[in-house]
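Our numbering puts the sequence shown at residues 2 to 406.
Treat the hints as calculated values from the structure; they're not laboratory data.
Quick list of in silico lysine-lysine cross-link-like pairs, DSS-like style, CA-CA up to 27 Å:
1. 218 <-> 378
2. 91 <-> 183
3. 378 <-> 390
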Amino acid sequence: MRLISRLSMRRYIRGFVIIVGISLVVSLLTNLVVNPWRITPSPLSSEAFDAYRDLGSQNRTGKCGLIRSAPTIGVALIGSSRVANSLDPKLSAWGRDDVYNLGANACYIYESEAFFRYLIEVQDPELVIIGIDPGDLSSDFDTRIIFDYQGSPLGPEKGKIDREIRYLVGISTLEASFETIKRRFSDEKPQFDTQGLRRHRPERRISQRDFLAMAIKGETQFEAPQSAGAVATLREDKRELLEGIVRTCHQRGIRLVLLIHPQHALAHTRSGEEPMLPFESERREVTSLVDRINRENPDAIPAEVWDFGDYHPINCEPLPTDDGRMERWDDFNHYTLEVGNLILARIMGWPIELEGGEDYGLRLTPENFDGWVDQSKQGFRRYTDGTGKADIEWAQSLGNEEGPD
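Please put together the full structure from these sequences, using the hints given.
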């Protein structure tokens, strides 16, 4: 009986091992062929799936996959969802096909710097545009522990082997492979296109006005802190990261543009406040830092700071009524693709196609910074006393509403 029992146990173990082995082989082959995040270079990777690959919750992993899989990246767009949603790498004005959008949801300076380092380790870009989110550089805001940073190639070196195994046979990779296969056979478009732009987003189930009301009440997903105000200064560690990026671009002959994102005027405006440029001290320090390093390296390609965050009429669009939508804003922090195209046109010197956009934004220097502040203050007062007055009153009325018992 004991011998029979041992033989039965051996057969069970052998069968189990065979099943596990077959499962691993099937997973490996599936993941290598589908390659859902473009993260594993392999001759088995099928181009038939490329138009259906998506990033889902694996933004960092998928954007690193673009860096790994792209034949060349000459232009890289790095930053948060403002970049991911609104800076188009496929604009015809680029005149090239090696432009990639590496923006990821809530990817602020800690992660943007990591993306930059990974990019230049794998590729040799000519131009890098990095989005700076207002309030990030002066706060301790850090999203590396929230999303898939640790599980992406940006994560700690000590976890590299485990990550590479996950990309080959991991359950999360296999699930992403099955989702990609499903999209292909149902001809369903992914949210992210082949060069990283989040081109197809699901529609919200509530009106834009209701969503904005929730944002004012603090009920929507988090954004970079907005409470630091105009006098906040740069955190030392974030200053060092920014300085390191500028110096590296000088050393490698990369044109660097730091893009300070716009926000809708109502994000910072309250009736009766003193006119301001939001996060003025933060903006001034970034401008001074870049100018100082440029002067230290006069033979290098100068880094640039472009700021679009004043009270220009584009940033002061009236809020929608009822079920309508603003033409140029998805919410207070995210501008539309049309505005993103304008921003790129201003930075790159392309023809301006959006009416009224000829004076949108400014390349900041220490010499024109005070004028930029004055211009912002004038726009602030025009907004609060004119076109934005009704919207400000509406926002204030929401703050006065009583919550549930």
